[in-house]
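Hey, can you work out the whole structure from these sequences and the hints?
First to last, the sequence lines map onto chains C and B. In case it helps, our numbering puts the first sequence at residues 2 to 386. In case it helps, our numbering puts the second sequence at residues 2 to 386.
Note that these hints are calculated values from the structure, not bench results. Treat each hint with caution, since some may be false.
All copies of an identical chain are treated as equivalent in the list; a pair is satisfied when it fits inside any one copy or across any two copies.
[Unchecked claim] The list that follows gives simulated cross-link-like pairs (lysine-lysine, DSS-like), each with its CA atoms no further than 30 Å apart:
#1 Lys-286 with Lys-39
#2 Lys-286 with Lys-131
#3 Lys-39 with Lys-52
#4 Lys-201 with Lys-237
#5 Lys-233 with Lys-299
#6 Lys-180 with Lys-247
There are 2 protein chains.
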Amino acid sequence: MKLLANKIFAILNSILPNSENRSLHEPCFQGNEWNYVKDCIDTGWVSSVGKYVDRFEIMLADYTGVARAVAVVNGTAALQVALKLVDVDREDEVLLPTLTFVATANAVSYLGAIPHFVDSEERTLGLDPKKLLSYLQEIGTIRGGECFNRFTGHRIKAVVPMHTFGHPVDLDPLVELCKNFHLVLVEDAAESLGSYYKGKHTGNLGKVSILSFNGNKTITTGGGGAILTNNKELGKFAKHLTTTAKIPHRWEYQHDNIGFNFRLPNINAAIGCAQMEQLDNFINKKRALAERYQDAFKNFDGIKVFKEASFAQSNYWLNVLLFNEIYADQREDLLELTNNNNIMTRPSWTPIHKLTMYKDCPRMDLSVAESLEKRIVNIPSSVIL
Amino acid sequence: MKLLANKIFAILNSILPNSENRSLHEPCFQGNEWNYVKDCIDTGWVSSVGKYVDRFEIMLADYTGVARAVAVVNGTAALQVALKLVDVDREDEVLLPTLTFVATANAVSYLGAIPHFVDSEERTLGLDPKKLLSYLQEIGTIRGGECFNRFTGHRIKAVVPMHTFGHPVDLDPLVELCKNFHLVLVEDAAESLGSYYKGKHTGNLGKVSILSFNGNKTITTGGGGAILTNNKELGKFAKHLTTTAKIPHRWEYQHDNIGFNFRLPNINAAIGCAQMEQLDNFINKKRALAERYQDAFKNFDGIKVFKEASFAQSNYWLNVLLFNEIYADQREDLLELTNNNNIMTRPSWTPIHKLTMYKDCPRMDLSVAESLEKRIVNIPSSVIL
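As structure tokens, then:
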């Protein structure tokens with residue numbers, strides 16, 4: 002009965018160092034983290050004053066190749082502001098994969114907008130552009146240069162692909178589709194710092210994009226995120242909006258917008274700077290681990306380790322064991338066996354359209370996402386492994 | 002012409018140590034900050050895993066005497082969730098002072114609710130309960146156990162007093178008023194950690210209340226805040242809502258609400274624990290500084306240093322020089338002179354009803370707040386002074 006699970010467990014056990022530390026994704030602090038944090042505490046610059054936020058933002062923009070990065074408290078906050086920056090309004094529909102962390106949909110909800118769920122494709126584990134195109138041809142109608150859902154009557158404003166576990170979505174056809182349907186592209190690159198699509202860092206094709214530096218991500222700031230954009234004016238406005246929209250003045254308190262208190266504290270940015278210095282090294286190690294996994298499972302019947310698409314270079318944030326349909330019913334055995342024996346694994350997120358608060362949202366056929374959900378297991382992927 | 006400003010400057014200059022550090026409120030890190038932060042970095046527990054968040058929450062609840070404290074990313078987020086916890090809905094009106102930091106109103110707006118501005122009283126610098134009572138008698142009407150604004154037709158759901166610069170509002174009449182008008186009391190205690198109303202720590206009379214630990218506050222966590230409540234069930238739900246409303250499970254991802262990603266990272270909570278250990282000492286020093294200011298200005302014609310009301314014991318977060326009406330036109334001279342000469346001072350916030358985005362919100366007569374705004378100057382109040 003549990004033969005498959007036992008065989009997989011044995012392989013994982015042989016690959017992973019025999020330590021207590023076989024969790025899904027541990028942070029790695031082997032650089033200047035201490036020095037920079039100590040500098041913050043010694044100078045008293047832990048909060049909104051201090052040089053690390055500026056420096057972290059420049060490092061992020063340089064690394065990803067965007068015109069401007071704005072550091073904020075987390076990826077969810079970044080996405081909420083990103084959607085606001087591209088004028089997502091109350092009652093607008095926003096297209097996003099159902100197979101993503103719930104924060105992608107929550108950010109849409111915070112603005113009073115409506116998540117509209119899109120299917121995934123097995124090639125990238127992310128949003129399926131071809132299937133979305135046929136769907137939009139069926140439900141979308143253009144009026145006055147805007148796209149409307151002909152069934153709900155709501156405006157469809159944006160598409161938010163998410164680069165699942167670090168694997169880039171096929172962006173070119175999405176860019177094309179957005180142009181044709183007057184939609185704005187917003188990349189949720191929360192998981193894909195260090196991942197490239199056709200040689201360009203993820204986050205460059207969205208009008209606005211976002212990153213996350215939560216504790217389980219490739220680099221961490223404790224909690225943190227960033228807004229990315231190649232539009233300098235929009236970047237400047239993002240900074241303004243995320244810092245309470247205060248008009249600069251030596252002592253006056255004037256604000257010209259309903260802004261947010263989303264600025265990343267200096268002490269968290271300090272950790273981020275130290276982490277960025279190590280990012281290339283982290284990615285090399287993570288790609289090497291992915292190769293070890295791929296090798297180990299290459300002749301395994303019924304299971305494969307997910308591999309980047311031909312157009313992608315992935316950070317392999319979380320490695321994925323993908324079960325064949327016929328073995329999917331044995332996935333729970335593996336989760337049980339590994340988690341009981343000091344190898345942390347987890348299934349995919351529950352598709353968002355299955356969560357109570359989102360079950361009545363508009364959606365297309367989601368059969369691939371529903372199938373993937375049953376077949377995905379994430380396995381330990383820390384830099385230190 | 003600038004005689005008054007010069008005289009005040011001379012007094013401030015004689016009180017304040019002749020250092021480079023005469024800013025409004027510097028953090029003070031003289032305890033275990035470094036040990037605890039180093040512990041986080043050494044163990045890799047900087048984010049959502051780790052003991053400091055739990056410990057910080059317990060320290061906060063113990064200190065303030067509430068049943069439950071929930072640590073979050075900042076005071077604004079805390080207030081947004083607090084208002085949600087007491088069922089503030091879209092289109093509801095929420096009564097709050099116009100003389101407060103813009104975040105108080107922003108938190109209301111995030112929920113799609115409407116700030117409704119209330120006047121202040123000179124005795125506390127905060128919301129005037131008596132004036133609010135007469136106003137509600139005029140505009141409020143009770144239907145089905147709820148209060149409605151008879152002019153706008155909107156439900157009035159809550160009152161949010163803010164304890165200005167640490168000075169407690171007169172809460173008892175507010176509690177009474179809330180009972181009579183079926184309103185929920187939510188205390189914005191962002192500035193009043195360590196301040197007591199009739200022997201009880203601020204935040205105890207609100208159904209839900211909030212604190213802030215921004216870099217300029219009495220204690221800081223870099224950025225941070227907390228939700229306080231004496232209702233254990235509500236406290237538990239606050240924790241759930243601020244941590245993405247995930248249902249606890251070893252590996253499954255199920256969420257039962259549109260939650261928030263507002264959890265305070267462990268590394269920020271670590272700083273908070275170290276700061277809490279020093280809080281009593283901080284408050285003693287701040288109260289001693291307030292006395293020195295009061296002594297120095299006690300015979301000064303036309304200016305007084307603001308003193309706590311008889312029912313209050315204040316943390317004196319930011320000391321206040323209050324100009325007499327007739328000298329208010331000389332306040333700008335003082336701001337200019339001090340800020341040009343290494344003594345940081347600032348005026349009150351611009352009353353929120355004067356900001357573009359809130360100018361059309363409902364409001365009562367705001368003449369006291371408008372007068373106070375012209376007469377307040379905050380002066381350096383750091384623990385180290």
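Violations among the numbered hints, reported as their numbers in ascending order = Per hint list: 2, 5, 6 violated.
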